[in-house]
Amino acid sequence: MTGTVQKFMPASNPETAPFWEACREQRLLIQHCSHCDQYQFYPRMLCVNCMQANPDWYQASGRGKVKSWTVVRTPVSPAYADMTPYVIALIELDEGPTMMSQLRDCADSSLQSGMRVKVVFEAWSEQITMPLFIPAEADIV
Amino acid sequence: MATLRGKVAIVGAADTRVGIVPEFNAIGLCADAALKAMADAGIDKSQIDGLVTCNSMTEPHFYAAEVLAEYLQIFPSYCVSTSAGGGTTYTSLLQAAMAIEQGLCNTVLLVLGDCLRSGLSREQALRMQSSTGHREFEIPHGPTVPAYYALIARAHMDRYGTTAEQLAAVAVEARQHAARNPAAQKRDPITIADVLNSRMIADPLHLLDCSLVSDGGAAVILTSADRAADFPKPPVYILGAGEGHGHEHISAARSLTTSAAVESGQRAFKMAGLRAADIDVAGIYDCFTPVVLIELEDLGFCAKGEAGAFVAAGETSLQGSLPMNTHGGLLSHCHPGNPGAMFALTEMVTQLREAAGERQVLNAETALVHAQGGIMSSHATLILGRENQ
Chain A
1028 MTGTVQKFMP ASNPETAPFW EACREQRLLI QHCSHCDQYQ FYPRMLCVNC
1078 MQANPDWYQA SGRGKVKSWT VVRTPVSPAY ADMTPYVIAL IELDEGPTMM
1128 SQLRDCADSS LQSGMRVKVV FEAWSEQITM PLFIPAEADI V
Chain B
-14 MATLRGKVAI VGAADTRVGI VPEFNAIGLC ADAALKAMAD AGIDKSQIDG
36 LVTCNSMTEP HFYAAEVLAE YLQIFPSYCV STSAGGGTTY TSLLQAAMAI
86 EQGLCNTVLL VLGDCLRSGL SREQALRMQS STGHREFEIP HGPTVPAYYA
136 LIARAHMDRY GTTAEQLAAV AVEARQHAAR NPAAQKRDPI TIADVLNSRM
186 IADPLHLLDC SLVSDGGAAV ILTSADRAAD FPKPPVYILG AGEGHGHEHI
236 SAARSLTTSA AVESGQRAFK MAGLRAADID VAGIYDCFTP VVLIELEDLG
286 FCAKGEAGAF VAAGETSLQG SLPMNTHGGL LSHCHPGNPG AMFALTEMVT
336 QLREAAGERQ VLNAETALVH AQGGIMSSHA TLILGRENQ
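Sequences listed follow chains A and B, in order.
Numbered by the working numbering, the letters in the first sequence go through residues 1028 to 1168 in order.
Numbered by the working numbering, the letters in the second sequence go through residues -14 to 374 in order.
No false leads were mixed into what you were given.
Okay, derived cross-link-like pairs now, SDA-like style, lysine to any residue, Cα gap no bigger than 20 Å in a straight line:
{"no.": "1", "chain 1": "B", "residue 1": "K255", "chain 2": "B", "residue 2": "E86"}
{"no.": "2", "chain 1": "A", "residue 1": "K1034", "chain 2": "B", "residue 2": "S106"}
{"no.": "3", "chain 1": "A", "residue 1": "K1092", "chain 2": "B", "residue 2": "D143"}
{"no.": "4", "chain 1": "A", "residue 1": "K1034", "chain 2": "B", "residue 2": "L111"}
{"no.": "5", "chain 1": "A", "residue 1": "K1092", "chain 2": "B", "residue 2": "R239"}
{"no.": "6", "chain 1": "A", "residue 1": "K1034", "chain 2": "B", "residue 2": "R112"}
{"no.": "7", "chain 1": "A", "residue 1": "K1034", "chain 2": "B", "residue 2": "H119"}
{"no.": "8", "chain 1": "A", "residue 1": "K1034", "chain 2": "B", "residue 2": "T117"}
{"no.": "9", "chain 1": "A", "residue 1": "K1034", "chain 2": "B", "residue 2": "E108"}
Note that these hints are calculated values from the structure, not bench results.
For clarity, every value in this text was computed on a predicted model and none was experimentally measured.
Bound-form chain A, shown alone (with noise of 0.2 Å):
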């Protein structure tokens, strides 16, 4: 590991894939349980909730709040550095799953918890594209 060090980029497997294939066409996706109606996120074999095998898919409003937040300023490693300092959010998505995401777009002094948010899709490689969120209000056209 010698000269720029690298983002950690997230690595998929047969359980995700699906999720970061969606990212890439900028579409959320969570899953559903047909048989108990329960959302989950992060994706899994199972329904966590009444461990019915293989929950669908299912493609998330992207909408939900913040649950917490916090500024990071020192950067978690130098490839973040050109981003620091930079919001790091708990988001309830209004499916009802809560999901970890960097908060864009948005003011330190106007970050409270329980605001709306919605995802934005930030291509980070060929093969990574990363849900982000950003204040719903931003959103207006």
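Following the hints, position chain B against chain A.
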């Protein structure tokens, strides 16, 4: 139901020098701690037939316990390496106690050591930052270890009105305790303003809300209660033990403000037949200031949302209702990673032996230690006492 209550005792306990200890690598710290604990127990290695340890971050081995047994030339009948992050110490102790109670071994050396301050390479430091968190769904976004804990701090503030000053009070109190402990890494007094004016690491956590990065090791010797009187120092008995496991990744937590310390605490108190009010002195895992508040609440020392005011009112000082982390804790004594919680354990042994000098809690008969690993993920609680009835 059979219970471990009072069946196992700590008969030896010792720390290495802590802080910046460049003369030892991780296994050297373990060996130094082991020698000192055996001396404290008045035994030599021929009497050790159980060895419990945890992998180090600076010198990871596939078979960490076997490497240490070989290094010390100990040939145990029970030999295990445990990994539960910061909670490893008490989880390991519980396993050692069960092995003794089941007759698998008589005398266990529980020893942990690591040198995060002096021995970590840049590559290892980077890997350590990314060792916690979900590899696909958390780590790529770039959270640091303080950032994960900042998320729970913010949630506690939002839900209960906890303030940055109350978080800072945890760090100030830790430093006041450390000032009485010559072994502590940081002993210069700090104020609330010092904490709030220290560099912001991950809002709302400042540098002084974060624990130290240290070298250090510690060890305890455990044996069955019926053999405990044969050792020179007053035994400290395990009265209660419990674990709780809520999640691994913070984004999958059932709650950001209530942890599985609720379950681990209830299980330990039930085994001990005691209540929070019966505890004279406590060791509460303090890797970051908000962790202390959630643990104090979840263990029942105060109601949910009230720990900030509890600490700010001085209740965890030497004169308070619950003297806490009298050695200085991870915030001011030392934090070498996985061994971190060992020092609260050895401090509670020192307190229950009434050997803590100017930081002695008067009439300390019952102690509680609690630790967590991951991001409020794996919790373990022990209740210790001078008497085993």
